[in-house]
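Enquirer: As given, the protein sequences belong to chains U and V, one line each in that order.
Going by the numbering used here, the first residue of the first sequence is number 1, and it counts up by one from there.
Going by the numbering used here, the first residue of the second sequence is number 1001, and it counts up by one from there.
The hints are simulated quantities; they were obtained by calculation from the structure and are not laboratory data.
Idealized CB from N, CA, C, for every residue including glycine.
The reader is advised that the hints may include incorrect statements.
[Said to hold, decoys possible] With a straight-line cut-off of 27 Å between C-alpha atoms, the simulated DSS-like cross-links for lysine-lysine are:
1) V/K1307 to V/K1248
2) V/K1196 to V/K1355
3) V/K1099 to U/K349
4) V/K1033 to U/K349
5) V/K1430 to V/K1156
6) V/K1117 to V/K1307
7) V/K1248 to V/K1355
8) V/K1099 to V/K1049
9) U/K349 to V/K1156
[What the hints assert, rightly or not] Partial list, computed: chain U residues near chain V (C-beta under 10 Å):
10) N64
11) R132
12) L138
13) S334
14) V407
15) M508
16) Q528
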Amino acid sequence: MTAAALNIPRKPSIPLSQYLVAGSVALFLLLFLVIPVATVIIVAFIDPRSGGFTLVNFADFVRNDLFRRSFGNSVYVAAMSVAWGTVFALPLAYITSRFQFRGAVLIQTLGVIPLIMPPFAGAVAMQLLFGRNGSFNLLLGDWFDINVPFMEGLNGVILLQAIHYFPFILLNVSAALANIDRAMEESAQNLGASGFRLFGKIVFPLAMPGYVAGASLVFIKVFDDLATPLLLNVKDMLAPQAYLRITSIGLSDPMGYVISVVLIAVSILAMWVATLATRGRDYATVQRGGGGLARRKMKGLDKLAAYGVVFLILALTLAPHAGLILLSLATVWSFSPLPDGFTMAHYGKVFAESPQFIWNTLLYATLAGVISVIIGAAIAWLVQRTTIPGRQMLDYLAMGALAVPGVVIGIGYLRTYYGVTLPSGQPLATFWFMIVIALAVRRLPYALRACTAGLQQVSPQLEEAAESLGATKARTVRKILLPLMAGGMLAGFVTAFATASVELSATMMLVQNTSDAPLAYGLYVYMQSPAGRGPGAALGMIAVVIVGLCTYLSHWLLARERSGATKH
Amino acid sequence: MPVFNRRLVVAAAAVLVLSGAPHPAIAQAPTGKVTVVTSFSKDVTDPVKKAFETAYPGVTLEVQNRNTNAGVRFVQETRANNQVDLFWASAPDAFEVLKRAGLLQAYKPNTPGIPAKLGPYSINDPDGMFFGFAASGYGIMWNERYTRANRLPDPKEWADLGKAVYHDHVMITTPSRSGTTHLTVETILQGEGWEKGWATLKAMSGNMRSVTDRSFGVPDAVNSGQVGLGVVIDFFAFSARAANFPVKFVYPTVSTVVPANVGIIANAPNQAGARAFVDFLLSDAGQELLLIPAISRLPVNPATYAKAPDGYPNPFKGAIGLPGFQFDVGVSERRYAAVDVLFDQLITFNLEPLKAVTKAMHDVEARLARRDNPAARALLTEARTLISAMPIAGEQAASDEVRASFQGTTPQAKAPRQAELEQQWSNFAKEKYAAAAAKVAEAAKLAP
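Kindly generate the complete structure, drawing on both the sequences and the hints.
Expert: Spelled out as structure tokens, the structure:
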């Protein structure tokens, strides 16, 4: 089922350059993830009475039925969100990569938008649409006298999480599909396979690394996410429990940190399982430049059905943003299907008061995206192309960042770097670049998974060929490896960039003054008062539009490069 | 060490006051940047910043908006190299935490006309570490469109919220996440007594749609009509009305008034500026700013109400019914954590069983109202007793042993760990609610 790739035994000696790369990555993770986080969660291992090392807090975790229930709920919600996310993502990915489809780039872009869910504003918009007295239920109540609990309990969390995070699967599967060797498909067709059989036996298995990368991200992200359950007032899940405990004023209870350790452990375990799922199989294909699967024309009914499916999925997954648009234009919106009236005043207020938020966000999210892709690509390369001892540890460590609550990173940075001062006398922890670093560390897992998937599909034979033709290692990386895994890296950059642009929890700890603050912080400030709801939503919409445009641009660039490559 | 530091600071401040500087702000004119960490929204901070900078030319107010918790953490974590001059927020507990950690510095503001007490509550910290600059009353806010559509009567009293008609329509913030809610809960407990107070709280909570963790979550949900009624501070409702939301608000006959505070951080880099800001907030000009509709706080200077629009509630003139008893700050402080954790374990995290048994009880009562059955009534009374049962008594909650469980590192070997205590209390609530549910089911069989 996969391309035959000879695994030539590697030379036992490891070149110095690899140690340099591994060392730099390890140092980065140590300085900006391990040490700051360790200074905070060490409490989990300390006996409150004696001050010595203990595991008794973990025994308390197991004995507490609220925590046990929370654990079960979190696993259930994460697994179900993967299932629903798959249902949303696969049709979009398949239809847009497989067929000649007008607006494919647009759909790929719109598919990323759900990731950009501005804090608070997104939540309010969703309640106004799907809540117990949201537009849908008010209309359903008027027409049929029924009320559908879209947003109630665990099912509400699953629905929202699936909508919010399915782009992880979409992006990674799309990138994987684009990398599949057309010859594979043609061989299968020559042997008589077509339709679903072709998809199930050839196309999907070949895109497996992308799917596993996306699905494992969704699982871990949902498992570790606290914003969505809290906005739905679901507290018996692990991440909200950790958050509520860590952020209780005046209590010094270790359980919040114990839960953080459990979250990190489960995330790493999930990564390990995902690695097992793709281990021992070879997904790499040798031929390049075919531009992925052959795109074929659809006719008549097929075309109609495809557009129908795409439209349905996009309508559902973009509904929160439709709500956000309405909210940003609304005068008052309360207990009614639509706002009472419309106005542009909120946008005027935002542009007049806070243009610096927009520039800061663009700068921070772009830098964070670039840093996370560089580190992510380096780790992916170390894991797959070198035999440096401990390389897998780097991967797991980086993925652990996904499970660390933002507030823990924020506190850790303050604790570790506030005493370090810049020449200007400003503490390092509150220098704006530390926000960038925090964002990069928090989004590194996304970039890492995407780069790993991208690299898995590139056969080492290509590099070996280049090297045997006399290219240096560096030149091979630059001329062969980087262009071939560009799709994966782009997917990584887009997810990191898009999600970093609306991050709040670590930012909130680190922002020192308003002129350095990103958009999410401004949004928080607006959303704390009734009059700020409209401007907050407007600021959220601006974030969505900017990130959407950047995503579109990068897809468009990649598509142009691809088509350029196939022409000659 | 922190205690020593604090004494030192107090002593230093005392020397400063005694040395005869009548108005420190004049003695040393403030200049430069004054940094304030605050949980207040832009609606509040923008007008104050503008007015303060006008009153003190050459001074800029740098506002760092953080939620209360992040603000406290920030000040704690950055104490070694403090860059913040003031902490400015509602939650009294946040100031208590900062005070205990020796992170506030004493000051004696120049405040003619501001009384020491508002009802049973002190306006300022007795040690002069933080100062109430505004007050807010607690009450019930509701969405008119919601109550009309669901045919709910307008609420008037706290006890109304326990009535069957409001089941699943009410929302509150948990006291562990909101210092102001905590003060209200503590007031009910002190006013009605430990046992009866918790019975009231549980009867009310059995009707809750949800118990949220974000103070602003309650007015937000009422404003958008997701929930009908909310227990909120008055200015949430006033500022929502100012933004044209269809909401109304009422102070129950006996309400609570909570102060909004400001305090100077120990080792504040801009001492003169920090003092000027406190003096400004307490001055006539500062107090008048509170009357702006989007701010809608209650001034602590009774004279300011002369400039208020008609109908502006004046707690000094009895517009808000304040409890008649003396609020005991000592008891409140000793059982602070215990009350928070009890509320969360008995109510927040066991809301589903509590709601279920409350609903079943409402149903049986409705049937009994049509045709009475004494045996069924007796069973309901037993059920109520079971629901209101508490795992510990009021004195125990304030005891050293229970306090030790919430203080992290402690030499008290006997005290259970917080997690153990929580598990005990949660189990207690589960058992009692299940037993009560059984009684109600029995009563339902008897009720015609």
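Enquirer: Honestly, which of those hints from before does the structure not fit?
Expert: 3, 5 and 9
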